[in-house]
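Student: Required output: the full structure, derived from the provided sequences and hints.
So you can see what is in the structure, the chains are spelled out below.
2 protein chains.
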Amino acid sequence: MHTDLVAALDIGGTKIAGALVDGRGTILVRAQCATPAQEDGDTVMGAVEEVLGRLARSPLWERATALGIGSAGPVDASAGTVSPVNVPGWRDYPLVERARAAAGGLPVELIGDGVAITAAEHWQGAARGHDDALCMVVSTGVGGGLVLGGRLHPGPTGNAGHIGHISVDLDGDACPCGARGCVERIASGPNIARRAVEMGWRPGPDGDTSAAAVAAAARAGDPVALASFELAARALAAGIAATATLVEIDIAVIGGGVAKAGEVLFAPLRRALRDYATLSFVRDLEVVPARMGTDAGLVGAAAAALARQADTAAAVS
Amino acid sequence: MHTDLVAALDIGGTKIAGALVDGRGTILVRAQCATPAQEDGDTVMGAVEEVLGRLARSPLWERATALGIGSAGPVDASAGTVSPVNVPGWRDYPLVERARAAAGGLPVELIGDGVAITAAEHWQGAARGHDDALCMVVSTGVGGGLVLGGRLHPGPTGNAGHIGHISVDLDGDACPCGARGCVERIASGPNIARRAVEMGWRPGPDGDTSAAAVAAAARAGDPVALASFELAARALAAGIAATATLVEIDIAVIGGGVAKAGEVLFAPLRRALRDYATLSFVRDLEVVPARMGTDAGLVGAAAAALARQADTAAAVS
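For the protein sequence lines, the chains are E and W, in the order given.
When we follow the working numbering, the leftmost residue of the first sequence carries the number 497, and every step to the right adds one.
When we follow the working numbering, the leftmost residue of the second sequence carries the number 497, and every step to the right adds one.
Just so you know, these hints were derived from the structure itself, not from any lab.
It cannot be assumed that every hint is accurate.
Stated by the list, open to error - Simulated restraints, written as ranges between beta carbons of each label pair:
| id | chain 1 | residue 1 | chain 2 | residue 2 | range |
| --- | --- | --- | --- | --- | --- |
| 1 | E | 780 | W | 753 | 31 to 39 Å |
| 2 | E | 646 | W | 699 | 16 to 24 Å |
| 3 | W | 719 | E | 670 | 21 to 29 Å |
| 4 | W | 780 | E | 787 | 32 to 40 Å |
| 5 | W | 519 | E | 526 | 52 to 60 Å |
To be verified - On the chain E side, residues computed to face chain W include the following (Cβ under 10 Å):
| id | residue |
| --- | --- |
| 6 | 742 |
| 7 | 744 |
| 8 | 778 |
What the hints assert, rightly or not - Covered stretches of chain W, going by a simulated chain E footprint (3 or more residues, C-beta under 8 Å):
| id | stretch |
| --- | --- |
| 9 | 644-657 |
| 10 | 709-719 |
| 11 | 775-787 |
Ideal Cβ positions, reconstructed from N, Cα and C, are used throughout, including at glycine.
Tutor: So this is what it looks like as structure tokens:
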């Protein structure tokens, strides 16, 4: 990747982060504001414009050659629109057109947030050097993205790698997406916590019933807390094995709040993977923790913008 | 694709088919023999050499510029070896090296049989014009392959698209592959038939307990036969929806003996797909019957050889 400078946005249901990022992935300038997620679409766009405006006040802005956007999904990169589940005011919202205008006409590259995280882990993190990788976030939801043949695979609409909503239990519990037994329905933080409580786990004196509290109990040997993580690990393993069996990957990188549980999650996950990843070409699949921190979305959006520029330059030359 | 001539082999557990195929996919010369599947590896290779030898006796042989091989899997395209489940004499068998020698040094392109079928459907069949497609065979087993971004996606080892061995029921019945609840374990012909019998279905006076007989009973309204196809359809739908959610495809093409059941399979499959393919970017996924006949493996192996040649030519120029 060359040493251009690009602008990047990471748009989530809680915050909108922006940055100017150089060709090595270093963040040079930052801006951020809360997402007015329950307001109308133009108010949300106003917050995006505010972040871009702050970046544009930097003397480095004039060197920016493109804007990469990683957004909560679903996105539609082919139409240039987004419909984030947690931002009801944006439904088929023409984010690309509006962001391009707000960024003084810079070319815009839009990808889903799971794809952005993947771009970052592949460029600078745990998937670096791997030509075929799945990167995941296991947190309030479960998301992901794919690298295939050495390149990011966003898919035609920028949503590929949505591993949270594949069914690994076709008669399982109903998922808010409309399907049943989705990986997210079994393995997300809130579902790990809810299941532990349903199975009889009780929080300590602080009343904390989060997945982190269940992880702490599991670490201390609580059998119900361990069982809830075990089931999450099996669902993740079945989903990761399915991905490897379908597209051939040699590494799965897992980040997000639930991954912070460490071996409470990773030990049963590696065991379960031996049960589900059985064919010769998937048996050596590694599972490792993510290495990028909270800037992964920004760095990944920048990576996508830089990669698109490199493609365009190659096509022109 | 240009109008070169290539040699093609379709190697299965029952027969070894060979052909000379032109750049339009027309089969000009054929040769075939039974697979001595229970013999030692070199005896099986002898049958391959016999087929190639017959092709080489054609005056067209000297125009062949490459050999494409679609083989029963697993294959390892990166090592040039094959280990077909139904050919025990071939374990990590160096098929590419041996076939190259038998074909007078022609460059060899090896892919799995599911990938070969996919290449054929994309080139000339039901997936033609689709840049992102899953093609499947539902028969004694369940196999498949992927087209992503307009190109065949064999994966590094040539096995990508193995949809038969993704788990859609993580606590389901044990599959011979070692996992549980695999699509093949629920939806293959033998499993449809076995389940119907277990559920109380009885064959007619001819004693035929094949999936085709169950399909005929389902067509006549037998509720147990219908229920067995219904469950197969749900497993296929969950697997197809998982594939679409992971990599973004807009069409799934289904061939093989079980697909010949027609609407007995496709009607419940389309219904179940609405239950599992719920996200905006997968909701419009089509499912259609395959169009290529029994020559799909040969035509697809030829397509892979031609595509590799075109890539090599582009890289050189």
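Student: Against this structure, judge whether each hint is valid.
Tutor: Here is how each hint holds up against the structure:
1. E:780 x W:753: 31 to 39 Å: holds, 33 Å
2. E:646 x W:699: 16 to 24 Å: violated, 52 Å
3. W:719 x E:670: 21 to 29 Å: holds, 26 Å
4. W:780 x E:787: 32 to 40 Å: With Cβ atoms ~37 Å apart, the hint holds.
5. W:519 x E:526: 52 to 60 Å: Given a distance of about 55 Å, which is inside 52 to 60 Å, the answer is holds.
6. 742: With a closest approach of 6 Å, the residue 742 of chain E hint holds.
7. 744: holds, 3 Å
8. 778: holds, 8 Å
9. 644-657: holds (count 9)
10. 709-719: Three-residue rule not met by the stretch 709-719 of chain W, so violated; n is 0.
11. 775-787: Held - the stretch 775-787 of chain W has 3 residues with a Cβ nearer than 8 Å to chain E, which meets the minimum of three.
In this structure, the hints that do not hold are numbers 2 and 10, in rising order.
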